[in-house]
Each structure stands twice: as C-alpha cells, then as structure tokens.
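Dock chain B against chain A, hints included.
Top to bottom, those sequences are chains A and B. When we follow the numbering used here, the leftmost residue of the first sequence carries the number 3, and every step to the right adds one. When we follow the numbering used here, the leftmost residue of the second sequence carries the number 3, and every step to the right adds one.
I should point out that these hints are in silico values taken from the structure, not numbers from a laboratory. Accuracy of the hints is not assured; some may be wrong.
Same chains, same names: a pair is fine if it fits in one copy or spans any two.
[To be verified] Pairs of lysine-lysine residues, derived as DSBU-like cross-links and limited to a Cα-Cα distance of at most 35 angstroms, are as follows:
(1) K253 to K175
(2) K95 to K299
(3) K95 to K190
(4) K253 to K322
(5) K322 to K239
(6) K257 to K239
(7) K95 to K253
(8) K322 to K299
(9) K257 to K153
(10) K153 to K239
(11) K322 to K175
(12) K95 to K257
(13) K299 to K239
(14) K299 to K253
(15) K153 to K175
(16) K190 to K299
Being a predicted model, the structure only gives us computed values, none of them experimental.
There are 2 protein chains.
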Amino acid sequence: MRVALDAMGTDGAPATEVAGALGALSDSEDDLEIVLVGRRSLIEDELRRQGVPSHPRLTIHDAPDRVLPGDAPAAVVRRKPESSIVVGLRLHKEGAVDAFVSAGSTGAVMAGSLFVLRPLEGVDRPAVGTLLPTARGPVLMVDSGANVDCKPAQLAQFARLGNIYAQDLMGVKRPRVGLLNIGEEPEKGDERAQETYRVLARDGSLNFVGNVEGREIIRGACDVLVCDGFVGNVLLKFYESVAHFIIGLLKDAMKDLETTLDLEEVFRVLDYSEYGGAPLLGVNGVSVICHGGSPPKAIQSAIRVATQTVRSRMVDHIAKELEARNGGE
Amino acid sequence: MRVALDAMGTDGAPATEVAGALGALSDSEDDLEIVLVGRRSLIEDELRRQGVPSHPRLTIHDAPDRVLPGDAPAAVVRRKPESSIVVGLRLHKEGAVDAFVSAGSTGAVMAGSLFVLRPLEGVDRPAVGTLLPTARGPVLMVDSGANVDCKPAQLAQFARLGNIYAQDLMGVKRPRVGLLNIGEEPEKGDERAQETYRVLARDGSLNFVGNVEGREIIRGACDVLVCDGFVGNVLLKFYESVAHFIIGLLKDAMKDLETTLDLEEVFRVLDYSEYGGAPLLGVNGVSVICHGGSPPKAIQSAIRVATQTVRSRMVDHIAKELEARNGGE
Chain A
3 MRVALDAMGT
13 DGAPATEVAG
23 ALGALSDSED
33 DLEIVLVGRR
43 SLIEDELRRQ
53 GVPSHPRLTI
63 HDAPDRVLPG
73 DAPAAVVRRK
83 PESSIVVGLR
93 LHKEGAVDAF
103 VSAGSTGAVM
113 AGSLFVLRPL
123 EGVDRPAVGT
133 LLPTARGPVL
143 MVDSGANVDC
153 KPAQLAQFAR
163 LGNIYAQDLM
173 GVKRPRVGLL
183 NIGEEPEKGD
193 ERAQETYRVL
203 ARDGSLNFVG
213 NVEGREIIRG
223 ACDVLVCDGF
233 VGNVLLKFYE
243 SVAHFIIGLL
253 KDAMKDLETT
263 LDLEEVFRVL
273 DYSEYGGAPL
283 LGVNGVSVIC
293 HGGSPPKAIQ
303 SAIRVATQTV
313 RSRMVDHIAK
323 ELEARNGGE
Chain B
3 MRVALDAMGT
13 DGAPATEVAG
23 ALGALSDSED
33 DLEIVLVGRR
43 SLIEDELRRQ
53 GVPSHPRLTI
63 HDAPDRVLPG
73 DAPAAVVRRK
83 PESSIVVGLR
93 LHKEGAVDAF
103 VSAGSTGAVM
113 AGSLFVLRPL
123 EGVDRPAVGT
133 LLPTARGPVL
143 MVDSGANVDC
153 KPAQLAQFAR
163 LGNIYAQDLM
173 GVKRPRVGLL
183 NIGEEPEKGD
193 ERAQETYRVL
203 ARDGSLNFVG
213 NVEGREIIRG
223 ACDVLVCDGF
233 VGNVLLKFYE
243 SVAHFIIGLL
253 KDAMKDLETT
263 LDLEEVFRVL
273 DYSEYGGAPL
283 LGVNGVSVIC
293 HGGSPPKAIQ
303 SAIRVATQTV
313 RSRMVDHIAK
323 ELEARNGGE
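Excised from the complex, chain A in its bound form (with noise of 0.2 angstroms):
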C-alpha cells in the first residue's frame, strides 16, 4: 500500500506534513509506505529536523512548483504540472502509488482530480462528502462545498455517492439517506428540493428517510445528508466554528474554577481531526481532501481514510453501481 502525500498543503507545511506522515508510519501496518511530494530541499531539511533524516518506508518525490492561494483551480493542471498537487496526482494516475493526500486548495485538488484521475463514467460532477460529528456518530454530508446550483439529478448522484462511502468506509450495512430541506413533509423547501425529493424516494437502492431539518442533523436522523455544495460548505464552516465559540464560552468561565473536568474528553466527539480527510466521490482513484488547517493528527487520520478507500475497494463499488444504473435505464 503506497499513499502520495501532498507535503505542501497545510498552513503549515511541510512541518506538518512530515510530523502526519511519520506518527502513520508508526502506528500502521509494515505495509504502508508514504511518498511526500513537494520541493525535496524543504522535505529533507524538515525531516531531519523532526530526528528521522530517513525512513525505509518514507521517500520523496521533488514537485518544484506549489499552488498558491491566487492560482486559479481549473488554470493549475496547465500552469502548473509540476506542482505538487498535479505530481502526487499523476503518480497515482500512472499507478506508482495507491492514493492521493492533500491539505491543499480544494478547488486545485477537486480540478486536478477531474483532470488527471478523470470522473468515472456516468458521473456528473464529483462530490466531497465530509463527516460531521452528531450525537450519534459522524453523518457524511454530500456535498459540503466543491458544487454549487446543482440540479435534482446530480443531487440524487451524491445521494448514490455517498450511500456507497458509508457502506464501504462508516460500515453501515443500509445507510439512512436524508435530503437537507426545510421542513419534513415532500412539498416542502424550493423545487430544487421537491424535485430531488422525488427522485431520491423512487430510487429502490436507497434507503431514503425523505427530509431532513437544521435541527434533526445533530440528532443523527440519517447516515448520508445529501445537500447541495452551497449550504453544506455554509453549515460545515459554521459548525466547525460555533463548537469553538461555545468551548471558548466555557474555558472562559472555568478559568477560576477548581474543578477535575477534562474538556479535551468532553468534547472528543467534536474533534474534526479524528476525521481527518474527505475522499473525492466518483473520480477514478482515491484522492483525499484535507482542511488547510489541518494538524499532523488530521493529516495522519486522513492517510488512514485513504488506506482504507483503497483496502474497500469503494471505487470499484462506485463504478459498478453506476453501471449497473446506466446499464438499466
């Protein structure tokens, strides 16, 4: 099992990068080897400053050039091929490793995927699904931000998407699909939603559990949140930053108080970096989608993500009910 990681991406790279790849490395298996792929100077220079100048299972491949926040992320596959972001791609696409990490742009890790992975067939637009934590266990939320303005049909694709994720990688044996709407009943929510309502609740592959409400996500109503990129990434970001807010409240009121709570374990289930990364649903290899703030942790949690889409086989899963669909129509 080889994994490509991205050491450029992070706020922090390639500090964090290399501190991610060395605690995987660590904790995994002897059959897990990593390739960092960024400027090799920068790499060796940091590895030796984190004590492990070398590694049998770690080695580096140079990508002189890095994608910057200005680049545009359709223009980077052409202006910049050897970034590290478009090499780790195409080591996987020539087969030289298993899967591709990254903590970069989205939208260049998205474009680059779609460019040099290629969607697989009968695939629309490839989603990111990311896990939210609820209070019973993580919800994948399709599609929280690389699509917006989706029509009903590509909605229902991530709903398809996403039921084969968390078969594969959340181990649920029939996954609860809801829709993001704004009330429970079918006529609820804009046509869009109607619409995709509609869909979803005709497709007998599905277990569809019909809408789902602002409210009812945290109560863990479904497996799979189907939504559209727009309000996904909108309620990702906010979620992400109003269990800060709400801890801060509380840190701030427990400073003069005695008292043997451990908020680090209260909160455990808040924690984003047990997640790690998001694996690009319907291109044709596992490339895996990491939050620029990520840390090491993060970044080690998302390596395993992209062991396991691999070890699950869920591209495969992904092209064959495609198939199967296309086949039948």
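Frame of chain A, contents of chain B only:
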C-alpha cells in the same frame, strides 16, 4: 400602547401565552395593554388557573377558530377568518391595536400579515429577520425561512430592510451588512451570490462589508447577514440544536462532578428566549413571529420587541427608505 397577542400559537397554548402576557404587564410601564386573542373560555380558565382572573390592562378578544398544522398557510385567511391569527391581524389593521404577536404557524402568520396588513409599497417579498447570538452580540439574519429561491434584487431588499431594523431596534448606527457566501472574494459562490454581491456593493445607502463565510458569522463579522431563506432556515435550526447538543455533552460529563460552574449563566448569551420574536419586515404594520416552542419568557420578550418596533417607528422608516429609492430611480 396596545398589543394583540395570539393566545393559541405555542405548543403550550394558551398557558404559555397567558404567562408571557402577565409577565410583560408586570415588567412594563403602565401604558402597555394586551389583548389576548383566542377562545375566550380557554383563556378565562387559564387566567383563573394562574391566579389572575382579571387584570386592568388585559382584555380578551374571542376568536373561535384555530389554525391547525395541516392547514395550508395561503388558505388560512379565506378558510379560517375567525382564527386567532386572522382576527388579531384585523384588530391591528383596523387600528384597535398597535402590533400583533403570534407563535402560531410561521407560514400562516406570514400569509395572513401579507393579506391583511399588505406589503409596503415597493416590497417584493416581506422577510423574517432573526437574531443569532454571537461572540459580539446578536446578528440579524435576513431571511430566516420565509422566502426560498430569492433573486438578487430580493436579497438586496432584505439587506435594506435589515439595515433599518438594525438601526431602529439594535441601536447600530451604521450596520455592517454582509452577504452569506462560501468564500470571501466577490467572485465566490453561485451566480446568484455573485450578482447579489454586485448589487450590494453598488448601493451607497449600505455599509456593505462583503461576503461572510459560515465560520465568520459567530465571530460577529457583520450586524446584518443577508441570505436566502433556505440556507437561513437550515442554519437557524442547526444552530439551536448544536448549542443544545454541546451543552448536553457537558451536562453528562458534569453530572458526577462537584463544581460551582453555573451553566445557565455561562450560556445565557445563547438563550434565544432573550430575543423572543422576529418582526416581519416589509409589511404595513408590526407583526412579530415567535417560535412555536417558545416558553413564557420568549413571549414576554416578543411583546417587548413589538412595543420597541412601534416606538422606533421602524415601519415608517422602511416606507420612507423605499419611497426615496423608488422616487430616485
């Protein structure tokens, strides 16, 4: 100052409304009078039960009909003209009261307000503005669920309505108006967001601070947050539920601990019932909408919002702003 209160709206009607009204009367100046609108016998029984069979500033206006969850909002005025919602709004229209407050079906209160009070000249769609607690005091979110599929011109109108609300009721001299979007730059988001950005940026009457991402809301990045009612509704319901979820995690962890930490005090800033109600923005009158699950304290707060809205002359200010705009175009 006379306020009509729909006594049949909350999940705990009429007990909640009666308690809220009595609380408002004992807290307010002597010039407040409340008219409870609903089934006279039920309200009289409840007043006796709460130990105040009569009050010099409280009257009952009989309304035998009741709006039920299954009733189509748009048909309520025609089919249930003797419901507490329609009767209360008519009292306001005829000048018998200065404002109307209801925790009944939001759709029915909205439709009834539109039909009975009428929209102000130049208003496309009245909007619901809801206060969200943040680190820097409340943010007014417009629209929070009354309107979905809004066009850029309508979103811009929400910004102008919210701008006047923030001046008149939040006491902010030059409200910072932000557009909810999935990135900071003007070209982020879907076409609707991009066009709305351009309209708001051109509007010299607004202090437009640009796009606001999901994570910036809670940091108090703006005073008025403009969004379509679909995402507004999802966010609002999600926020309430996340706060409950996190506080629940904490209570569980604390139940065996000895501590002097007063959670209610710590999280007072998150308490929606302090805000109570949302005036419908853009109708020719003061119609305040409350959550169906409101406790008495929220009803009392909503009555305060109604009297403040009347005293601030917000409706006149909105009418003048629209007139100047239409005259100038």
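Consistency of the hints with the structure:
{"no.": "1", "hint": "K253 to K175", "in the structure": "between (40 angstroms within a copy, 32 angstroms between copies)"}
{"no.": "2", "hint": "K95 to K299", "in the structure": "within (27 angstroms within a copy, 61 angstroms between copies)"}
{"no.": "3", "hint": "K95 to K190", "in the structure": "between (43 angstroms within a copy, 30 angstroms between copies)"}
{"no.": "4", "hint": "K253 to K322", "in the structure": "neither (50 angstroms within a copy, 46 angstroms between copies)"}
{"no.": "5", "hint": "K322 to K239", "in the structure": "within (33 angstroms within a copy, 38 angstroms between copies)"}
{"no.": "6", "hint": "K257 to K239", "in the structure": "both (27 angstroms within a copy, 31 angstroms between copies)"}
{"no.": "7", "hint": "K95 to K253", "in the structure": "neither (47 angstroms within a copy, 50 angstroms between copies)"}
{"no.": "8", "hint": "K322 to K299", "in the structure": "within (33 angstroms within a copy, 57 angstroms between copies)"}
{"no.": "9", "hint": "K257 to K153", "in the structure": "neither (49 angstroms within a copy, 47 angstroms between copies)"}
{"no.": "10", "hint": "K153 to K239", "in the structure": "both (23 angstroms within a copy, 24 angstroms between copies)"}
{"no.": "11", "hint": "K322 to K175", "in the structure": "within (17 angstroms within a copy, 60 angstroms between copies)"}
{"no.": "12", "hint": "K95 to K257", "in the structure": "neither (52 angstroms within a copy, 53 angstroms between copies)"}
{"no.": "13", "hint": "K299 to K239", "in the structure": "both (20 angstroms within a copy, 31 angstroms between copies)"}
{"no.": "14", "hint": "K299 to K253", "in the structure": "both (23 angstroms within a copy, 28 angstroms between copies)"}
{"no.": "15", "hint": "K153 to K175", "in the structure": "within (28 angstroms within a copy, 41 angstroms between copies)"}
{"no.": "16", "hint": "K190 to K299", "in the structure": "between (41 angstroms within a copy, 30 angstroms between copies)"}
Hints 4, 7, 9 and 12 from the list above are not met by this structure, while the remaining hints are.
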